[in-house]
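Novice: Following this note's numbering, the numbering of the sequence shown begins with 293 at its first residue and continues without gaps.
Hints listed in this document are in silico derivations from the structure and should not be mistaken for laboratory results. Among these hints, one or two may not hold up.
List of simulated lysine to aspartate or glutamate pairs, EDC-like, C-alpha gap at most 16 Å [stated by the list, open to error]:
#  : residue 1 : residue 2
1  : K499      : D463
2  : K450      : D410
3  : K498      : D468
4  : K450      : E509
5  : K331      : D388
6  : K299      : E509
7  : K331      : D355
8  : K498      : E477
9  : K450      : E474
10 : K331      : E354
Okay, the calculated beta carbon distance ranges per label pair [said to hold, decoys possible]:
#  : residue 1 : residue 2 : range
11 : D435      : I296      : 26 to 32 Å
12 : K327      : D463      : 24 to 30 Å
13 : K431      : D410      : 34 to 40 Å
14 : D410      : S442      : 37 to 43 Å
15 : K450      : D387      : 18 to 24 Å
16 : P378      : P330      : 19 to 25 Å
17 : K514      : E294      : 26 to 32 Å
18 : S494      : P298      : 15 to 21 Å
19 : K481      : K514      : 29 to 35 Å
20 : Y471      : D387      : 24 to 30 Å
21 : A413      : D388      : 17 to 23 Å
22 : S465      : R409      : 37 to 43 Å
23 : L411      : E502      : 18 to 24 Å
In this text the structure is predicted, and so the values were computed from the model without any measurement. Ideal Cβ placement from N, Cα and C applies to all residues, glycine included.
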Amino acid sequence: MEEIRPKGHRIKLITGHFGSGKTEFAINYALFLRKYFPKVAAIDLDTINMYFRLREKIDFFEDHGITILGSSMKKAQTLDIPAIDPQILMPLENDDYQAVLDIGGNPKGSLSLGRYRDLLADKGYDHYFVINRNRPETKDVADIVAFIKSTEAHSQTKVTGLINTTHMLKDTSVDDIYYGQEIVEEVGKLLNLPVVYTVALSDVAKKLAEEGSIKNEIFPIKLYFRDNWMI
293 MEEIRPKGHR
303 IKLITGHFGS
313 GKTEFAINYA
323 LFLRKYFPKV
333 AAIDLDTINM
343 YFRLREKIDF
353 FEDHGITILG
363 SSMKKAQTLD
373 IPAIDPQILM
383 PLENDDYQAV
393 LDIGGNPKGS
403 LSLGRYRDLL
413 ADKGYDHYFV
423 INRNRPETKD
433 VADIVAFIKS
443 TEAHSQTKVT
453 GLINTTHMLK
463 DTSVDDIYYG
473 QEIVEEVGKL
483 LNLPVVYTVA
493 LSDVAKKLAE
503 EGSIKNEIFP
513 IKLYFRDNWM
523 I
């Protein structure tokens with residue numbers, strides 16, 4: 293596989309339906325950026341999903357040299373509260389930081405972004421919407437387009453790129469990825485949005501690269517939020 297390099301703006305907004313693989317991508321992307329930049333912040337603005345949130349991995353991030361921000365209560369990983377740490381502004385304002393924001397798992401969950409809209413517009417951002425075609429809420433084009441439009445309205449930001457995260461956890465096959473890729477590319481053409489990445493577990497990503505059918509970049513990941521009993 294060809295080496296993937298960081299691109300675009302230093303602020304990355306990651307949105308999508310819960311269960312889409314959004315948070316798994318966010319954690320992998322933060323780790324990816326840390327290989328190239330000394331200052332990386334992972335910002336948890338997911339006030340919707342109480343099970344898979346970046347702030348539940350505080351120690352993990354700190355061990356990898358990544359600043360983790362989200363809940364205003366450090367170590368309050370299991371409290372499902374919408375309190376936002378005011379220190380979130382630091383990596384958004386500081387141009388030395390790469391910032392990855394994991395946004396709540398439905399359009400209402402992206403409301404928290406609205407308070408930063410002027411700052412984001414000033415600094416510039418990439419807003420990646422992740423799509424898992426195996427989720428019932430994002431299984432067809434009309435539903436996905438409506439979800440994107442609603443997310444944009446609630447967050448007061450524009451989606452700038454799409455990511456195919458179609459998966460069946462550790463049972464994901466190459467065919468699953470192609471199944472998702474088809475609809476993600478269709479949505480991209482309809483909305484004039486690029487498909488930025490196709491996400492897959494490392495072994496599947498290698499097979500995809502060898503087959504060469506996917507023209508956008510393939511982003512290999514590991515699963516960090518799934519314990520054995522959940523696989």
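Novice: Please go over all the hints and tell whether each is borne out by the structure.
Specialist: Now the hints, each set against the structure:
1. K499 to D463: 14 Å, holds
2. K450 to D410: Holds - the C-alpha atoms of D410 and K450 are around 13 Å apart, at most 16 Å.
3. K498 to D468: With a Cα-Cα distance of about 14 Å, the restraint between K498 and D468 holds, given a limit of 16 Å.
4. K450 to E509: Between K450 and E509 the Cα gap is close to 22 Å, so the pair fails against 16 Å, i.e. violated.
5. K331 to D388: 7 Å, holds
6. K299 to E509: 11 Å, holds
7. K331 to D355: Holds, because 13 Å separates the two Cα atoms, which is no more than 16 Å.
8. K498 to E477: 20 Å, violated
9. K450 to E474: 23 Å, violated
10. K331 to E354: Holds: K331 and E354 sit about 12 Å apart, inside 16 Å.
11. D435 to I296: 26 to 32 Å: 29 Å, holds
12. K327 to D463: 24 to 30 Å: 28 Å, holds
13. K431 to D410: 34 to 40 Å: Given about 35 Å between the Cβ atoms, the range holds.
14. D410 to S442: 37 to 43 Å: 21 Å, violated
15. K450 to D387: 18 to 24 Å: 21 Å, holds
16. P378 to P330: 19 to 25 Å: 23 Å, holds
17. K514 to E294: 26 to 32 Å: 19 Å, violated
18. S494 to P298: 15 to 21 Å: 19 Å, holds
19. K481 to K514: 29 to 35 Å: Holds: the Cβ-Cβ distance is about 31 Å, inside 29 to 35 Å.
20. Y471 to D387: 24 to 30 Å: 40 Å, violated
21. A413 to D388: 17 to 23 Å: Distance hint for A413, D388 holds at roughly 20 Å.
22. S465 to R409: 37 to 43 Å: 40 Å, holds
23. L411 to E502: 18 to 24 Å: 42 Å, violated
In summary, the structure is inconsistent with hints 4, 8, 9, 14, 17, 20 and 23 from the numbered list given earlier, while agreeing with the others.
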